[in-house]
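Asker: Join the two chains into one complex using the hints; note that each chain is given alone, in its own frame.
Listed in order, the protein sequences are those of chains A and B.
The numbering of the first sequence is full-length UniProt numbering, which starts it at 1 and goes up by one.
The numbering of the second sequence is full-length UniProt numbering, which starts it at 1 and goes up by one.
If you're looking for bench data, these hints aren't it; they were derived computationally from the structure.
Any given hint might turn out to be false.
[Stated by the list, open to error] Between beta-carbon pairs, the in silico distance windows are:
| no. | chain 1 | residue 1 | chain 2 | residue 2 | range |
| --- | --- | --- | --- | --- | --- |
| 1 | A | R21 | B | K417 | 20 to 28 angstroms |
| 2 | A | E30 | B | D164 | 33 to 41 angstroms |
| 3 | B | R334 | A | P26 | 38 to 46 angstroms |
| 4 | B | S275 | A | V34 | 38 to 46 angstroms |
| 5 | A | A49 | B | G124 | 55 to 63 angstroms |
| 6 | A | V34 | B | E225 | 40 to 48 angstroms |
| 7 | A | R100 | B | V204 | 52 to 60 angstroms |
| 8 | B | G287 | A | E76 | 41 to 49 angstroms |
[To be verified] When the alpha-carbon atoms are kept at most 20 angstroms apart in a straight line, the in silico EDC-like pairs for lysine to aspartate or glutamate are as follows:
| no. | chain 1 | residue 1 | chain 2 | residue 2 |
| --- | --- | --- | --- | --- |
| 9 | A | K53 | A | E76 |
| 10 | B | K417 | A | E9 |
| 11 | A | K47 | A | E30 |
| 12 | B | K79 | B | D302 |
| 13 | A | K53 | A | D138 |
| 14 | B | K283 | B | E265 |
| 15 | B | K283 | B | D90 |
| 16 | A | K16 | B | E353 |
| 17 | B | K417 | A | E30 |
Bear in mind the structure is a predicted one, so any value in this text is a computation, not a measurement.
For glycine and all other residues, C-beta sits at the position ideal for the given N, C-alpha and C.
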Amino acid sequence: MIGESMYQELILEHYKHPQGRGLRDPYDAEVHHVNPTCGDEVTLRVKVADGGKVLDVSYDGQGCSISQAAASVLHELATGSTVEESLSVVEEFTRLMQGRGQVDPDEDVLGDAVAFAGVAKFPARVKCALLAWMAYKDALMRSQG
Amino acid sequence: MSAPGFDVERIRKDFPVLGRELPGGRSLVYLDSGNSSQKPTQVVETMRDHLTWHYGNVGRALHVLGSESTEAYEAARDKIAAFVKAPSRDEIVFTKNASEALNLVAYAFGNPVGEDERFRIGPGDEIVISEMEHHSNIVPWQLLAQRTGATLRWFPVTDEGRLDIDGLDELVNERTKIVSITHQSNVLGTVNSVSPIVARVREVGALMMLDASQSVPHQPVDVTELGVDFVAFTGHKMVGPSGIGVLWGRRELLDAMPPFLGGGEMIEAVWMDHSTYAPVPHKFEAGTPPIVEAIGLGAAADYLTAVGMDQIKAHEKELVAYALEALPEVPGLRIIGPRTPIARGGTISFTLEGIHPHDVGQILDDVYGIAVRVGHHCARPLHLRFGIPATTRASFYLYNTTAEIDALVRGLHHVQKVFG
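Here chain B stands alone, though its shape is the one from the complex (with noise of 0.2 angstroms):
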């Protein structure tokens, strides 16, 4: 029932945590990718190899380890531009995550530093986000109105947790200087249709940015394809470490834009009163960067590759499509977001009547070893959207199983039994 040659339990063996038992010998059941994902030993062993034997800084070290640890820096970033078919390697950049990909980007316009008519930004322009943001892709450009007196505008969310773009030729009009949407919403899983949107971007003459984090690590992302200027999405989401994030944008743009952080490595040259800068990516990669979780993060898009995105894909797409069937069957179950497997990914966000996310989380932890995550999951005001404080979520990538959504259910039956 799988697609062809994807093995869920060949996969599970790369993920030994998936094997462990928790206090109380429970087995653990997790449910919480969407948050951060397991790390495979592929990933854990390049890293610890990298550290044990080849380990110097990049870019400055002329010795044999400090080339060493260059040459796998750079060709890590040759493996991420090649995973999200970047068209040129200088068009990634490593950042600490995505907020940071999202804030570098929000922190060139407006800029007395840079000059490009792009990027200028001022009163009675205007930005334009969405409802179903993740906080990092709605306070940075809070912060860049605040900063410049642009007007900040965002498209609604439908009811079935859909983007709505009735009113896109006005929302997205001559006063845009930028769009940045996510790909893939982290609460309801929906996934945006980005055409529409880049079509009207283009003709008012904005630029358009997307929030990738979750759709990266789950789906084939082709940014040539997708027609963006810019991208962001962030390691730990994708089987590789934290701390390591990317900012993928088209050579032209990132050329235009003033540096974000200032220090080594991001100069051409230094005086008492002025510098000039590195070419991009390295402008934008300043002090000693995370080297070895660049490396893990290399690795870590090898190993997608290998067991291949489009099978990633088509597995999620089975195991959400149970979940959409499984879930309801539990009494007072309401799923915040699209209630069928077409245009979503593989997070179902729900609430249950009149029990408290934080009840229901602590009782399938507990009592089944089952990890979701509850709360607001950083998007307060899709919460607010749809009228309730907290949901609880639950999020699948290649290694769960149609067992663990069945764990999930009886999980959720039990816990309407303490509370009920």
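Here chain A stands alone, though its shape is the one from the complex (with noise of 0.2 angstroms):
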């Protein structure tokens, strides 16, 4: 039953349920990115005020369960914090998930991001993963340039 592990009910729960899902206006910088190897993509839009504080992340993409449910935990986190605080929730998130299963992580940085575990196991699923984070960094990077 080592899968079931991967699939924690919470990951499950944003599966099913999505947070914050679809694009919306306004938006600072639109991002698309795609997981060649299976065809998983999500394009995301960032909102940030003036003094940094992220207003709005918006998604939409296709996917399988953990790609998606990873992009829903992200708008839950990202949205209403600064730019600076989800940027080391993204650098806590792509070091525990690219540690192997080796990584202890910081739940305290991580959140709900902490049921993604699981995932650091399945090196086939990391991408999956990392997609809609990696395009969140994209986006504040190109809304900041």
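Answerer: As structure tokens, this is what we get:
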């Protein structure tokens, strides 16, 4: 039952009831990222206030439960935080995902995203989990540029 | 109920991995042979024996080991020639895989080194492929079109997953230089009828190539009977090792083609400013070839021949008929490809409504030890044609059983419970 431990209840919950899904206006930057090996894709927009507060992360896409749930969790964590705070979450999430299951996640930083810890043991699925998060990082850079 | 004399349980004993226990105590249900097949002990032992006792370089070493290796390597060529009924052993070129075989032929076109009219190509000329091709039978032709200004065209695919040849006479015309299509689709399972296309190709004086990577392992293939000019296939899908593939081509065409890779053993004589080349097949086998892999492939051909290609075909037909009955019981399951076991092989791709194939494959593997392939199976244009990003694919071979198909159906029901 290795697989079902990867599919944590929280992940399935976000997959079945995605938070903040749908592309919204206004936005500062829009990016489109794909995972060429499996065809997962995400279009993601960010809206940042002058003070550096993330006002909205909106997204649309298709893909497996991991990629879609990761986008939903990202929306919840990033919206309302500052650019700086959210980037530190992205950094910790990336470290966790690329840690081959050997990394002890910092739950205080990650919040709900810690549910993805099990995914790190499946190299083929890490890219699914990171898809929206990498898109978010890219969109932030473009919005600042 | 199986073909007379065909004993799947006996065959399974030749593939020890099929009895392997996976982590967590799961047993293995291997339904991914369209991706790569498992290897019988006979192939592994032949390779081990050669590496242990007979290994030397081929074609150039004069000592005992060198001649034993050369003899075994060339004997493998004889076995492959016999396996696909090639008129001459010299028409069998060993390559790295089917992709290399396809690239080798594409490279012969529009190549200034070659002078043969049949391989001359430029703006206004046409290359014809199909919408159901594996990327390896698409990209080499795209590259050829880009290099030469020729136009790439393709046969469409019907909703049932058959090749649509209604427009054959327009699509293949006096401008066509080469038609290259798959013999059996790696996604749909469809076995294409080659003869009407060959007939048209002959009328217009073009050449024809078949990607037989999915057919040579599963049914008797006679290259002469097919009537085409080139056939590509690969070792690892036919119980042989990876790293070895085959190009069969008509001798006079292979003679007329320029070399592909330059290097050792493909030459006749070399000066500082030019070279002359070895006769085929060696002209196309530059450098030290995959010696033990070729020998392993020869053993694979022996193995399949001993079981009987007709028997294997009949067994797979039974499996696919069984699966085509059983799979639609799963709610929301849509088969992409022919739903009748006629002119189709033992490969079934499907979608489950609302559930991504990656999730399907992960649960099947982690909970039931069922190995399937998920994704676009290196045939993205075909998936675009059906408006889907990916499918789950179960592919059967001589060692699979109906009990394994039952396990797949049970697994799919469970997948639906998790994501439903």
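Asker: Give a verdict on every hint.
Answerer: Here is how each hint holds up against the structure:
1. A:R21 with B:K417: 20 to 28 angstroms: Taking Cβ atoms as reference, R21 of chain A and K417 of chain B lie about 24 angstroms apart, which means the hint holds.
2. A:E30 with B:D164: 33 to 41 angstroms: Hint holds: Cβ distance 38 angstroms, inside 33 to 41 angstroms.
3. B:R334 with A:P26: 38 to 46 angstroms: For P26 of chain A against R334 of chain B, whose Cβ atoms are near 39 angstroms apart, the range 38 to 46 angstroms holds.
4. B:S275 with A:V34: 38 to 46 angstroms: holds (45 angstroms)
5. A:A49 with B:G124: 55 to 63 angstroms: Hint holds: Cβ distance 58 angstroms, inside 55 to 63 angstroms.
6. A:V34 with B:E225: 40 to 48 angstroms: At roughly 43 angstroms between Cβ atoms, E225 of chain B and V34 of chain A fall inside 40 to 48 angstroms, so the hint holds.
7. A:R100 with B:V204: 52 to 60 angstroms: holds (56 angstroms)
8. B:G287 with A:E76: 41 to 49 angstroms: Taking Cβ atoms as reference, G287 of chain B and E76 of chain A lie about 56 angstroms apart, which means the hint is violated.
9. A:K53 with A:E76: Cα-Cα ~14 angstroms, so holds.
10. B:K417 with A:E9: holds (13 angstroms)
11. A:K47 with A:E30: Within the cut-off at roughly 9 angstroms; holds.
12. B:K79 with B:D302: holds (7 angstroms)
13. A:K53 with A:D138: holds (17 angstroms)
14. B:K283 with B:E265: It holds: about 8 angstroms lies between the C-alpha atoms, which stays within 20 angstroms.
15. B:K283 with B:D90: holds (10 angstroms)
16. A:K16 with B:E353: holds (13 angstroms)
17. B:K417 with A:E30: violated (36 angstroms)
In this structure, the earlier hints numbered 8, 17 are contradicted, and the remaining ones agree with it.
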